[in-house]
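Colleague: Got chain A; can you put chains B and C on it based on the hints?
Residue numbers (my numbering), protein chains in the order written: chain A, 1 to 360; chain B, 1 to 433; chain C, 1 to 305.
If you're looking for bench data, these hints aren't it; they were derived computationally from the structure.
Note that the Cβ used here is the ideal one computed from N, Cα and C, for glycine as well.
Watch out, some of these pointers could steer you wrong.
Said to hold, decoys possible - Restraint ranges, calculated between C-beta atoms of paired labels, are given here:
1. A:Leu353 / C:Arg214: 31 to 37 Å
2. C:Arg214 / A:Leu65: 50 to 56 Å
3. C:Arg125 / B:His321: 54 to 60 Å
4. B:Asn169 / C:Gly155: 55 to 61 Å
5. B:Thr228 / A:Arg95: 19 to 25 Å
6. C:Leu219 / A:Gln267: 33 to 39 Å
7. C:Leu59 / B:Glu330: 53 to 59 Å
8. A:Glu88 / B:Gly405: 21 to 27 Å
Unchecked claim - Covered by chain B, according to a simulated footprint, are these stretches of chain C (three or more residues, beta-carbon under 8 Å):
9. 150-159
10. 220-227
11. 245-251
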Amino acid sequence: MRRSTGPTGHETVYAWLMSAPALIGLFIFVALPLFGGVYWSLTNKRLISPLPTEYIGLQNYWNLLGLQIIKLQPEIDEATGAAQVDLEGNPIYPRTRTIVRGNPAYSGFREWFTTDVFGGRYVVIARDPTFLRSLINTCVFVLVIVPGQGGLALIMALLVNQRLRGRYVFRTIYFSPVVTSMAVLAIVWTFLYNPDQGLINRFLSAITFGRFQPDWLVSADSALLAIIILSAWQAAGFQMVIFLAGLQGIPQSLYEAAQIDGGNTWQQFRHVTIPQLRNTTIFVIISTTILAFRLFTQVDVMTKGGPQDATVTVVFHAVDTGFRQQKIGYGSAVTVLFFIIVVTIALIQRALLKSDIEVE
Amino acid sequence: MNRLLKHLTLLLILLLLFTTAALTPAQDAVELELWYHGGTQEENDETRAQVDRFNAMQDAIQVNFVELAGSLVAGTGYNDAVNAAAVAGDLPCILDLDGPNLYNYAWAGFLAPMDDYMSDELRADILPSLIDQGTYNGKIYAMGQYDSGLALVGRVSLLEEAGVRIPSNIDDAWDLDEFNGVLASLQALEGVQYAIDLKMNYGAGEWYTYAFSPVVQGFGGDLIDTETLSAEAVLNGPEAVAAMEWIRSLFENGYATLTPPDDNEFINGNAAMGFLGHWMATGYYEAFGDDMIVLPVVNFGARQATGMGSWAWSITTQCDHPDEAWTFMEFMLTPEEILSITNVNAAVPGRLSALAMSELFGEGGRMNIFVQQLESGIAIPRPITPGYPAVTSAFFTAMDNIIKGGDIQMELDAAVDKIAQDVADNNGYPLQN
Amino acid sequence: MSASPAKTSDRREQRVKSPRPVRRTITLAIDYGIMIALALFFLFPIVFMIVSSFKPEKLMFDDLKTILWAFIPRDVTLENYSSVFRRVPFGRFMFNSTFIVLATVSAGMLVNSMIAFALARLRWRGKTLILSAIIALSIVPLDAIVVPLLVLVNGFPWLDGTIGWLDTLHVQIIPFIADAFSIFLFYQFFIGIPRDFDEAAYIDGASPVSVYRRIIVPLSRPVFATVAILQALFLWSSYLWPLMATRGEDSRPLTVGITSFYGQDVKWAQIMAFASMITIPVLILFLLFQKWFVQSVAASGLKGA
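Next up, chain A with everything else stripped away, as it sits in the complex (with noise of 0.2 Å):
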């Protein structure tokens, strides 16, 4: 509804004038460093250097994106003409690296991974396996977290909504976690992801007498695991009271309703309270999604993106090379690509959900 009357002329200059110490704010302190990101990431500029920064144009991305791939010929017998086999009757293949080396086209690649497929062997090659492996890595944490996290914190908001005796404590003990630091709860939890002496496997091991150990943190394969377990755990309290605040919200009157048309608990859930929540869910997804993306600090602290790029994120990365390699034009090409990424997956979930917190 729009005002017909009221200030009109002036009211555009007053809201420059409250507008102004914010956008004057994110101007320098965010517009200003994302485009000097991206005028940099344009240049091979150094950290620290003596050498003068040089423009190279998109190189910088052509380096991140690189991929190919190659099938693999087995090695030839010189003498029958036929593919070498090994022992077990197993093509032999040559190495990688060699072909890599061999071929001016692949000058700066690095082998990736290799598979078995469409019975011929594959090898994938890529300038920056680490970039690649860290998009895969967010997306993965991305993809688990916002349906886990906010699973978890909705069945949490649902418990400590009801009337229960001591209702207060269990909300103030799951959100407990969330008013802690991160730098320190991730050191915090390196000691109890240890192996052998941390109390996570000893618990582990009292309840099934020594048979689920894990290598947490120390594992490619269950490192990335670890990571999301500390994340939820972190911020869960925190859409559970966003998911509380949604269940608040909701007018007894429908309840009552759904009562006397004679539906039980679960009908109620199904019918009243989940349609109701449904702007709760979209603002703790988006907000999860956005938060989720920006993963680093318990990498940093805990694995350092490793074993094996196996927890290597994308703003890990984007720190990693830019600021402790110095390759600052580099990194900064990852931050920009970091940054449309996740403005067109926001983009994409904004359409998708078509929530009502659109501009108006």
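Modeller: Coordinates of chains B and C only, in the frame set by chain A:
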């Protein structure tokens, strides 16, 4: 009312004068900022005390001690802070750097050479390994109070119980086969959880390069060829692969653990031996007394090799008072101050005259093995190249992946490629000036 | 903490209603079972941390061998705490962290709510574009732009004439006052307030500023509380930026202060003591205010309604 106001004003003026007087130093002392990496608690306390002594003994220079974040566990806090400061042009006057990192800073022009300040007597008295470590492109950019030592430690009682030969000097160090036997015998002892503590609690970082690149060298490999700056064939050749296979076998056989919770695995008896730097030796001696013994590093076949190099002080080009900074350095390099720190951290004293005075390190001293290793040339400096940060990061990442199950050849190849990429990115690190 | 039905906050809470008492008891038992299991999961690292901080280092490791003892205080000692105070100026770190959070949040409340007001309730050209830009900027992770930001603030002048903001408290405050996400939350709430309120005021000749001050702000207490808490939590845990932008102990916050303990000889029990001292005050604050907090979030735009 008026009188009250007057009194109040007077009081205020007086107060202001007092505060100004209190805040202004008695004399115009030159203030120098110094950054320190943290070290062990004892080291830290002693370094602070040294700075305090310097400030107390003269009025012209005031050194402000700043301790920055930890360096080993949880990785790279100190290096992060130094890099950030270098970018911002905000480096302190006096900077504490871990040996091999200084070449990158020197190449980039952040460090000032010290040659003109150093007298010939001083130069002649400094431990040669420290001069080597501090020199880049013919000039000295850093000077440490001490050098490091990397060796094995054991307990005489346990070694005797296991019935193994105890080497007494570097010439009769264990060879590979004998050492494998020692580990097996120790592992079999009652009450020993595992044979050797490799300090893996430090995590993937400089410790891996410092401690395990000598193992690669012992097997005949190397980090890089310092002439060509390339790691091809040295870091991914069959010798390096064999070294990595052996290192990994220690974990696979249960002789060592990837995840010691802290630094005390040797002290609390979980591990029968330790492979460690000098900085742990004092605490271990306090725990076991004369039962603790420092043993020379293993001769892996191709050569005997061990780590060296340590934290050292540099003067930055962003320092407005380099002369005063050197005055402080001179104080830190007096034999008395060197001994005061090495008596605490059990590092090898950085001056020959100090070494001669040291009970710990002199002939027959219980840390003498460290000196033998340095003097006989089996201690090998980490590569002197501005590309060192990339070299070490490639190596420790590869090693971390390998011991956690990665393919050895593929990981070492990747490390070689990363090092080559870094050299290419920097146009081959051309010498400046 | 009793469940008195008279309390306002309880009015809207879902009633556990069941006609048959036996079934009700079973449901209750299951609910409590799950809640207690979850509580143990959420609590054990923190309890372990606090309990360990009162133990001698060696005992802490010995007690790890039996799960139970890890959570039971014995040989209680304050030695770890006194070591922390001996080794670092903990009070100074605490002051810095608290000051940074309070200063940023209070300035942020004003700055972010004003622009949100302009975007949500004033008519002017360009606001759609600005709103889109702000939503886009809320995605930028701080960790990814720290280096350009560092270079930037290093060239800025300060009131006393010096150039460069590094190693100060304000370098940890000013860049974070304007916050895109906070603006978005304010905007969402303001847009939901019925227009009739300000219409009346405008007819009476009020200026937009007085509408903001007299009408919108008083109606929006919950969203102010929510945004304040969110921003405070973010600032309280920030790590990479203060690590890069501060040097000395004078401006160092708690999260960077604790890294002094990750040095060459890690004293875990001291780390636990330091970590406990960071955690406990905030936990107590939350315990005191949690009812009010949940209500604020409930009443704010966070639920997306």
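Colleague: Starting from the hint list further up, note which numbers the structure goes against and sort them upward.
Modeller: 7, 10
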